[in-house]
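S.K.: Listed here are the chains, written in short residue letters.
2 protein chains.
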Amino acid sequence: MTVLERKPADRLHDNLTQVQRLLERQRLVDELLHRQDEPRQEPADKPQLVESLLHRQNLTELQQKLAQLHPADIAYILEALPLHERLLVWGLVRSEDDGEILLEVSDAVRESLIEAMDSDELVAAVEDLGADELADLAPDLPRQVVYEVMGSLDDEERARLQSALSYREDQVGALMDFELVKIRADVSCEVVLRYLRRFDELPDHTDKIFVIDDDERLKGVLSIRKLLVSDPDAKVGDVMATEVVTFRADEAAEDAALAFERYDLVTAPVVDGNGKLIGRLTVDEMLDVIREESESEVLNMAGLKEEEDLFAPVVDSVKNRWAWLAINLCTAFVASRVIGAFEQSIQQLVALAALMPIVAGIGGNSGNQTITMIVRALAMGQLQLSQAWRLWRKELGVSVINGLVWGGAIGIIAWWLYHSFSLGLVMTAAMTLNLVLAATMGVLIPTLMQKFGRDPALGSSVLITACTDSGGFFIFLGLASLFLL
Amino acid sequence: MTVLERKPADRLHDNLTQVQRLLERQRLVDELLHRQDEPRQEPADKPQLVESLLHRQNLTELQQKLAQLHPADIAYILEALPLHERLLVWGLVRSEDDGEILLEVSDAVRESLIEAMDSDELVAAVEDLGADELADLAPDLPRQVVYEVMGSLDDEERARLQSALSYREDQVGALMDFELVKIRADVSCEVVLRYLRRFDELPDHTDKIFVIDDDERLKGVLSIRKLLVSDPDAKVGDVMATEVVTFRADEAAEDAALAFERYDLVTAPVVDGNGKLIGRLTVDEMLDVIREESESEVLNMAGLKEEEDLFAPVVDSVKNRWAWLAINLCTAFVASRVIGAFEQSIQQLVALAALMPIVAGIGGNSGNQTITMIVRALAMGQLQLSQAWRLWRKELGVSVINGLVWGGAIGIIAWWLYHSFSLGLVMTAAMTLNLVLAATMGVLIPTLMQKFGRDPALGSSVLITACTDSGGFFIFLGLASLFLL
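Chains as they are written, first to last, in numbering that gives the first Met the number 0: chain A, 0 to 484; chain P, 0 to 484.
Next up, chain A with everything else stripped away, as it sits in the complex:
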């Protein structure tokens, strides 16, 4: 049987391994060719001819292998290869797949591929893409290439491209596509079926047909599943659904993705302010939105500006990590100055120096727990600002319990280590107070950010850690100075 039997994940890995084996062989042949080249400087002799032949045979084999693969699989291989080999493979890919592959690879890898192409190649690669796909690539393409491609489009496509480019990347308008099937409400299902048969191919993901009136205003949708089981004589207007989840072009892509999840959608119409149908969203774009959203959340938490090409040159990686390291350095410097203000106390009681990182560290951990929960709830729209107060009380309860339990434990250890009961007591009190501070800031920071229209996720982890570090040092050293010295 012809149905593929390997698991997709294994198949993907097999492909990569095969390509890597061919590349390795290529490297060996090239090395041989090279070695013969240099020392003797003779004209091409027989062995060299053999290797040169091997070289070409090998490339052909690689090319054939690549020609069999799905563009998404080639994208995967390109992402997993170091720069030099990536460009070698990229040169061997069938040029008609170039556009698709550019769409599939990660932003960082896309840049490296586009850099390696000249304008003509780029124009050839992208001119057959749809307006929505072109709009995805446009920000990464040289300006001149975009103009050239725009010039070759017909008026309708150009208008679509311009419309798609007029929206931000995180808006529905930038993600919608324009290939959709529209019908009128007054025709019969039979007519619709005959109309559909005249297509060579229906647009990807077509699970519903959009029903419009004379002014192109959306009146409802007819799902294909419904169409297939309906009486052929029934009018579209009678079988279509009129309760339709519709989107506006200026809506946040994230909200659209949540709605796709919530209502299990495959495609959905996008309408303008007058209810006119202007495009549609498909679930594959929404999958990408969800993936990217979660990716940027994780990257932000770890202090990375954007996704990184694994094999990016060192300089690019340094740039990507620069910003957060600098911010971190500033907050660490502030915390260091807080300690500096208590240098006399530390000199008198050096145990403080050893114990203070515990207070700061646990505070940071606990604050991050609170802030993560609240940022998530805000992102999913589950938390109204009016309830922040109630949540704060709850977080306060959690932090007091944790402070007394864990702070108590570490206080007893400090007492035992340094033979000072009052030091243990100060430790427990400082831990509890710092956890209360962590809970308070953990609720306050994201809700204030949300209130002032900022993204609550951005930098929240750095901010809370800054508070709990400086705050923790201040509380612990301050209490110690007051009560122990």
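Since the hints were made in silico from the structure, they are not lab data. Treat the hints with caution; some may be incorrect.
You can't tell identical chains apart in this list, so a pair holds if it fits in one copy or across any two.
[As the list claims (entries may be wrong)] Within a straight-line C-alpha distance of at most 25 Å, the following computed DSS-like cross-link-like pairs (lysine-lysine) qualify:
1. Lys6 <-> Lys450
2. Lys225 <-> Lys181
3. Lys393 <-> Lys318
4. Lys64 <-> Lys6
5. Lys181 <-> Lys64
6. Lys181 <-> Lys6
7. Lys275 <-> Lys6
8. Lys304 <-> Lys393
9. Lys393 <-> Lys181
10. Lys450 <-> Lys181
11. Lys234 <-> Lys304
12. Lys304 <-> Lys64
Using the hints, position chain P against chain A.
M.R.: Chain P in isolation, oriented as in the chain A frame:
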């Protein structure tokens, strides 16, 4: 026109606000009733009757409002309400929606709802669900309810439920459903269309029909899009696709989700070892997998065990955060002991106490950057272990540059603050060395975890921070003791 005009996100929010307003009114009415009840202890007089009527009217209004909503919307409202009000609303939901809503709400909220129901209500709520949906709920249901429901199923459904329950939650077998349309290869498209018309309703998300032979083995798939444009006389065997992405029941759900993303799938067949068709995966389940996967990544990074019900009782929240706080306390204690070993040095030069958290902090930040990137690459299958060495060299380069630049900057500041050139030099050297340690552990930890078959994401952030904290203190205080004292 009847097409919905509000943005889905706004509509969702409107619904919640309306329900909250009704609940608030209810609370006021109840308060009035209650106030009259207590102080006077009179028999029901007229004003009380009015309020009792209001009470019932209000509940009816709430009930009607809820009856109009999609189960997913009700789930959203339940998640956003505090426990007491949540249970009030839950009691008013139409009982035929109960099962759907239980499927939609988050795990934490589901628990609170199930706790509030007795066995009979639970059986009634879930007995109409499909085997795959039952399998999703089963782990949260009382054992007795599961048995009772199982008893009421027919043999085929029971076998399906048992099969679904035999897989882990993160395997394809636990997510696949069994509603699918199967045909033979030797019939014509016309026959298929007539066959489909006999269904009352096609299964959700049906975008393709599965073509099987006499032994139920998968021979190919016929996409509905293809069927609609094909010649009615064409044989299914001639128009079906034979290159099909298929899954096995024991495959990881994560891998399946990646394949859905990569190949833009809506549904895909699941086959057993003999190629027999046993179920199908749908994109809505895959959306949930991607969402949950990213969620658990973020929660893990922040040190939360699982997703938390925002309005969970304090005790539940404490339990959820307990484990990571305890681990964090242990690592902080180790770091504190490292400092303790250098107490004499700190006593001699107290500036060390103020500067040491900077070294540890920047190391932690940089290590988290490295480890996050590598964990992601491993999760996406982009990184082979054989390339870890190459990556390590690159990360080393990044860390040396960052160490010299940022370490240099902070060294100059330390020199200026404490008037000691050699202290600045030690600071720069310690920063650079700690960043090198961070890069090394950032590559080593996840690749070793992967090699030994552990999830590289789990606790990676805690581990790297533990290394860079203790390591940073040791390097800085050690260098200072060697060269400054």
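S.K.: Against this structure, judge whether each hint is valid.
M.R.: Against the structure, the hints:
no.: 1; hint: Lys6 <-> Lys450; in the structure: between (47 Å within a copy, 21 Å between copies)
no.: 2; hint: Lys225 <-> Lys181; in the structure: both (16 Å within a copy, 18 Å between copies)
no.: 3; hint: Lys393 <-> Lys318; in the structure: between (41 Å within a copy, 14 Å between copies)
no.: 4; hint: Lys64 <-> Lys6; in the structure: within (19 Å within a copy, 47 Å between copies)
no.: 5; hint: Lys181 <-> Lys64; in the structure: neither (40 Å within a copy, 33 Å between copies)
no.: 6; hint: Lys181 <-> Lys6; in the structure: between (38 Å within a copy, 22 Å between copies)
no.: 7; hint: Lys275 <-> Lys6; in the structure: between (44 Å within a copy, 15 Å between copies)
no.: 8; hint: Lys304 <-> Lys393; in the structure: between (33 Å within a copy, 18 Å between copies)
no.: 9; hint: Lys393 <-> Lys181; in the structure: neither (52 Å within a copy, 53 Å between copies)
no.: 10; hint: Lys450 <-> Lys181; in the structure: neither (41 Å within a copy, 53 Å between copies)
no.: 11; hint: Lys234 <-> Lys304; in the structure: neither (54 Å within a copy, 54 Å between copies)
no.: 12; hint: Lys304 <-> Lys64; in the structure: neither (36 Å within a copy, 45 Å between copies)
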